[in-house]
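These are the residues of each chain, in order.
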Amino acid sequence: MKLELDGLGKRYGDTWALRGVDLALEPGVVGLLGPNGAGKSTLMQVVTTFTQPTEGTVRWNGTDVVAEPQVMRESVGYLPQEFGVYPRLTAREFLRYLAAVRGLSDPGDRIDELLAIVNLEDAAGDRLGGFSGGMRRRVGIAQALLTDPDLLIVDEPTVGLDPTERARFRSLLGALATDRIVVLSTHIVPDVEATASDIALLDDGELLVHTTPSDLLASVDGRVWEVVVPEAEMTTVKRDHTVASTTRRSDGVHLRVVAADRPTPDATAVEPTLEEAYLHAVETDRTPAPTEVTR
Amino acid sequence: MFRAALAVATADLRRRTRSPALIVAGLLTAYLGKLIVVDGQLVVAGGYTGVGTAAWYGATVCGLGTTVLLVAGFPLVRGGVTHDRETGVSVSLGTAPLSSGAYLLGKFLSALAALGVVTGVLAAATTAAFLLNGTGPFDPVGLWGPFLLLTGPAVAITAAAAVLTETVGPLRGTLGTAVYISGAFALVALGVQGSLPFDPTGLSVIQTSVSADVAAQFEAADPTGGFAYVPAGGEATTFRWSGIGWTLAQLSDRLATVGVAVGLLLGATVSFDRFDPDAGVDFPSVATAAESPTATAKSSDTTTVDEAVSRLSGAETSGFGLVTATAAELRMALRRRRLWYLAVGAVVVGSSVAPVGPTRSALVPVGVLSTLPVLSVLGTRERREHTATLLFTTASPVRLLVPTYLSGVVVVGLVFAPAGGRLALLGETGAALGLVGATLALPAAALAVGVWTARPRLFETVFLLAWYLGPVNGVVPLDFVAARPETVAAGTPLAYVVATPVLLAVAALGRR
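Those protein sequence lines, which keep their order, are chains E and W.
Taking my numbering, the leading residue of the first sequence gets 386, the next gets one more, and so forth.
Taking my numbering, the leading residue of the second sequence gets 7, the next gets one more, and so forth.
A few of these clues could be false.
Unchecked claim - List time: in silico SDA-like cross-link candidates among lysine to any residue, alpha-carbon distance up to 25 Å:
no., chain 1, residue 1, chain 2, residue 2
1, E, LYS387, W, GLU322
2, E, LYS387, W, SER402
3, E, LYS387, E, GLU541
To be verified - Derived Cβ-Cβ restraints for the label pairs, each shown as a range:
no., chain 1, residue 1, chain 2, residue 2, range
4, E, THR439, W, VAL236, 49 to 57 Å
5, W, ALA460, E, ASN446, 50 to 58 Å
6, E, GLU616, W, THR459, 38 to 46 Å
7, W, VAL468, E, ARG671, 47 to 55 Å
8, E, ASP449, W, LEU515, 32 to 40 Å
9, E, ALA560, W, ASP279, 43 to 51 Å
10, W, ALA423, E, ASP407, 57 to 65 Å
11, W, THR459, E, SER517, 29 to 37 Å
12, E, SER517, W, VAL468, 49 to 57 Å
13, E, THR631, W, VAL185, 52 to 60 Å
14, E, PRO548, W, VAL185, 28 to 36 Å
Said to hold, decoys possible - Which bits of chain E does chain W cover? Going by a derived footprint, with three or more residues having C-beta under 8 Å, they are:
no., stretch
15, 464-472
16, 491-498
17, 531-544
18, 552-561
19, 659-666
To be clear, the hints were calculated from the coordinates, so they are not data collected in a lab.
Just so you know, even glycine gets a beta-carbon here, dropped at the ideal spot from N, CA and C.
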């Protein structure tokens, strides 16, 4: 199975939400990373045929899904970032309804098993109107898996989940990724770190890089520093450098700084994290290239 | 307070101006003005029409326009509070240091301004018509005064009622629209008859003034002859009307109308719950224990996930599950409608035992009203409940219309079944066909409107107006339940049957 995006672009009015995206995906988890407004949700909406691209093509196993959306609809499971449920139906009834419109025959056992996987078996008969945000999200995860999709696209799947459920979902993604393509879009970089075999980094509607987590980490090797400064000097460091994290301790404020050169004489090089590699990639993309002077 | 109210009003008005509804309403209103003074004429006192002066143009258009805006302006401006509730802005507003009074005043001012825009368009269209076709000097007071003093207070009632119905739980939906529109019709009729201490539309002000001038100029005139809007060019004796000579009593009447609007707004501040889902005026809750308070689910360990995934049952597909999907649509439509079941039960039992004549002319027209809450949401649910992304990415959006349509057919069919069965057994095939036509066409019409507008209000308004004019008052093309024999003779039921596939095609087009 293969998902190919070729020159994909989507314009809303005069604004390009997505432009010139080329991407080829094979089974495994690809972590889709990018800041707010990078175009991640638009990309997923185009791939799932919810909206049509302005330019470019989406091919699923060689078939152009813009021309034949049903081919994608039969293969995809999609958990949108924002979605609603029908409050008057129970969780089980809602999933049965979705199974029916997706053409599943005899889905009863699978629905019960999925409700158990997302830890909602005890609430299966309760109406969705009384579900918390996290519980609705888990119903969303279950519905995305109803048809045993070859392509699973999940947009911010762990938002609203407690730490236990988040860990459980990470395990679920890992188990699912063995024989399908999973696209995981999130702001939570540790979720990607825990599950992704590939990373696609978007910013301002463009694909910055499609690589592996280890290669992305390698790109920032030797560029992450720990700086310990008094509280009063913290603002200066933050103004001059990209600061990935801040921790207050008795000896001062410990800052992890992403910088090409040693930010202060006392700074010590440390092992980079994926989050720092992500920050570095986005900041590099946003920093204007130096102007060349012609003599 | 006024500063805050103005901020709320400005934001809400911006939202309204970014929707095509206001533009469409303005265009329709301008066309209405043309119909009244260019394509038609007002005949009073049994055969007299005014010379086309500025005052005559203003009063003629204003009289009918005010009535239309009082009734049909409601669905146009309703929804300001609901919009905040649905978009989640309510959480910020409910916790902000903004008084309920200022918030509701802002919503009222926004609704009033929107209706003011439409009134302004009507006045502008009337002005253009006068400049092109009128007689005599341009008289701004005579031309525009009626819009300011008659239409203005009337639409203030509409705006205040729109806010009030959004703050009273049971009136937030279809019931609120039905209550308002029937109440508005009653207000217009009673006001003109003088049965109320005030006249909401001010039609009686025009009527009194015009009748007095006709009587003064023509002894044979019948001052009780009433008003009639007829096509232009008909035979009528012209008279010169001097315009409304505003008296203190007439101005007091308009002030009383504004007072009613203020009263409605004060009522809204009392019933407004500041978006607290557990407060405000509402029918007794029938929520299950699982719905309130929030249901909970226990947590379990994460070690079994791999195993559970490996043991998952297969997902065999075998085509669209039409029966299951239709059953789910019916569940969504009919759950938590205890009063609905009582009303439909009464109609079904009544239609089964009452004489056929009253069943057809009274029970069926009344019974069809019970289908409105179910029909008006057809085609809107996916957008209103934000399930479109779940549904339309994994199933054909057009195919999803089928169970939605069928659920509407089942509900309407259930209401009509006893009456239809009895009519068919008695050989009244035309009347029975009328009910079949309604059963097929009403859900199709609701679906077409719902898919295109994503809101139930337009269908509710059109349905109620058509119901009032057709089944109740015998306007044959709108008698969609064939309550009268002449409807069957005119072939109206067949027209509704034929319209069904067209309406379904319109719905499908909207879903593509």
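Taking the hints in turn, this is what the structure says about them:
no.	hint	verdict
1	E:LYS387 / W:GLU322	22 Å, holds
2	E:LYS387 / W:SER402	23 Å, holds
3	E:LYS387 / E:GLU541	23 Å, holds
4	E:THR439 / W:VAL236: 49 to 57 Å	54 Å, holds
5	W:ALA460 / E:ASN446: 50 to 58 Å	34 Å, violated
6	E:GLU616 / W:THR459: 38 to 46 Å	57 Å, violated
7	W:VAL468 / E:ARG671: 47 to 55 Å	52 Å, holds
8	E:ASP449 / W:LEU515: 32 to 40 Å	24 Å, violated
9	E:ALA560 / W:ASP279: 43 to 51 Å	46 Å, holds
10	W:ALA423 / E:ASP407: 57 to 65 Å	59 Å, holds
11	W:THR459 / E:SER517: 29 to 37 Å	32 Å, holds
12	E:SER517 / W:VAL468: 49 to 57 Å	39 Å, violated
13	E:THR631 / W:VAL185: 52 to 60 Å	58 Å, holds
14	E:PRO548 / W:VAL185: 28 to 36 Å	50 Å, violated
15	464-472	holds (count 7)
16	491-498	holds (count 5)
17	531-544	holds (count 3)
18	552-561	holds (count 7)
19	659-666	violated (count 0)
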